Amino acid sequence: MKHTSAFASELTWPDYHEAMKDGRTPILIPLGSMEQHGHHMPLHVDVLLPTEFARRVAVDMGALVAPPFTYGYKSQQKCGGGNHMPGTTSLDGATLVAALKDVIKEFARHGARKICMVNGHFENSWFIIEAIDLALRELRWDGITDMKIVVLSYWDFVDPEAITKLYPDGFPGWDLEHGGVLETSLMLALYPDLVQLDRALDVAPASFPPYDVYPVRPELTPISGTLSSPKEASVEKGHILLEVCTRGILSALQTEFA
1 MKHTSAFASE LTWPDYHEAM KDGRTPILIP LGSMEQHGHH MPLHVDVLLP TEFARRVAVD
61 MGALVAPPFT YGYKSQQKCG GGNHMPGTTS LDGATLVAAL KDVIKEFARH GARKICMVNG
121 HFENSWFIIE AIDLALRELR WDGITDMKIV VLSYWDFVDP EAITKLYPDG FPGWDLEHGG
181 VLETSLMLAL YPDLVQLDRA LDVAPASFPP YDVYPVRPEL TPISGTLSSP KEASVEKGHI
241 LLEVCTRGIL SALQTEFA
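In this text, residue positions in the sequence shown follow UniProt numbering: the first is 1, and each later residue adds one.
In case anyone wonders, no lab produced these hints; they're calculated from the structure.
In this text the structure is predicted, and so the values were computed from the model without any measurement.
Among these hints, one or two may not hold up.
In silico DSS-like links for lysine-lysine, alpha-carbon gap of 27 Å or less [stated by the list, open to error]:
hint	residue 1	residue 2
1	K148	K101
2	K165	K78
3	K101	K21
4	K165	K231
5	K21	K2
6	K231	K78
7	K148	K105
8	K2	K148
9	K148	K21
10	K101	K74
11	K105	K74
12	K2	K114
13	K105	K21
14	K165	K2
15	K21	K165
Sequences are here, hints too, so could you generate the full structure?
See below:
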C-alpha cells in the first residue's frame, strides 16, 4: 500500500496502525554509527547512506523505514580506522544488542512480520545477528513464530561489473574502503554539500599485520582516518552505486517478502 511518507515516524498513529496491523508491510531499519570518515566527510555517513537506500527501496515496495540507529558498535582499526579516532562515538556490544532486540520486539507487537536490517557500518554485523536471535527466541515464547528478518549491507550488492567501473586501477577490498571511493562517491551523489573533496588526503591503502593487538597502535591508522584514498571518487560513480545497490536490495526483499 502507499503511505503518506516512507518514514514510519512521520505517520500518524492511526495510519501507522493501519499499515502495520496485518503484518504485510515490511519495516526497514537502517543501522549506522557516529564515526570519523576522513578530513572530507561528516561523522554520520554511516547513518545517511543506509537510510537513503532504505527510503528508496521502501518507496518502490510500499514498505516503511524506521528511525535509524545512529550509534553503532566500536570502530575497528582494520575496517573503520579505530575507536581511538576523534569524533567516533560508539556503543558497547551488549548495549547495541539490547536496544535492537527491544525495537524488533516492539515492531512485532505492532504487527510487523517482515523486517529488514539495512546496515551501513561493518562493525555492527555480528551484534545485529545476536539481537535478532534473542528477539526471535523471546517472540517464540509469546507464540509469535511467523517473523522473517533479512540482514543486509548495501555494499554487498556491488557486482564485479560495477567494481571494474569503480576501480579501474584495482579494487583495494571492502575492508579498506572506509572513507574511500565507495562512500565518498555515494555522498557526492546524494549529499554534495556535506563533502569537501579538496580536503581529502591522498593516502596509500593502509597496511596492517595479519593479527590484532589491544590496545590498538594508533600509528597504524593513516593520518587521514580513511583506509584508502577517496581521490578517485566522483558523482558518476555514486550514481552507479545507487543504481546497482538499490536494484539489488529491492530484488532481494521482493524475493524474501513475496
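Hint by hint, here is what the structure shows:
Annotation: proposed proximity of K148 to K101 holds, straight-line Cα distance about 14 Å (limit 27 Å). Taken as a hint, the K165 and K78 pair is honoured in the structure, with Cα atoms around 25 Å apart against an allowance of 27 Å. For the proposed pair K101 and K21, the alpha carbon gap of about 20 Å is at most 27 Å, so the pair holds. A hinted pair counts as satisfied when its Cα atoms are at most 27 Å apart, and K165 with K231 qualifies at roughly 15 Å.
A hinted pair counts as satisfied when its Cα atoms are at most 27 Å apart, and K21 with K2 qualifies at roughly 15 Å. In summary, the hint linking K231 to K78 is supported, as the alpha carbons are separated by about 20 Å, within the 27 Å threshold. Under the criterion of a C-alpha separation no larger than 27 Å, the hint pairing K148 with K105 is consistent with the structure, at around 12 Å. With a C-alpha separation of about 22 Å, the suggested pair K2 and K148 falls inside the 27 Å cut-off, and the hint holds.
For a cut-off of 27 Å, the pair hint linking K148 to K21 stands: about 16 Å separates their Cα positions. Between K101 and K74 the CA atoms are separated by roughly 18 Å; this keeps the pair inside 27 Å, and the hint holds. Simply put, K105 and K74 have alpha-carbon atoms about 24 Å apart, close enough for the 27 Å limit, and the pair holds. Pair hint K2 plus K114 holds up; C-alpha atoms about 17 Å apart against a cutoff of 27 Å.
At most 27 Å may separate the alpha-carbon atoms for a hinted pair to count; K105 and K21 meet this at roughly 14 Å. Our distance criterion of 27 Å between C-alpha atoms is broken by K165 and K2, whose separation comes to about 36 Å. Taking the CA atoms of K21 and K165, the gap is about 44 Å. The hint is violated against a cut of 27 Å.
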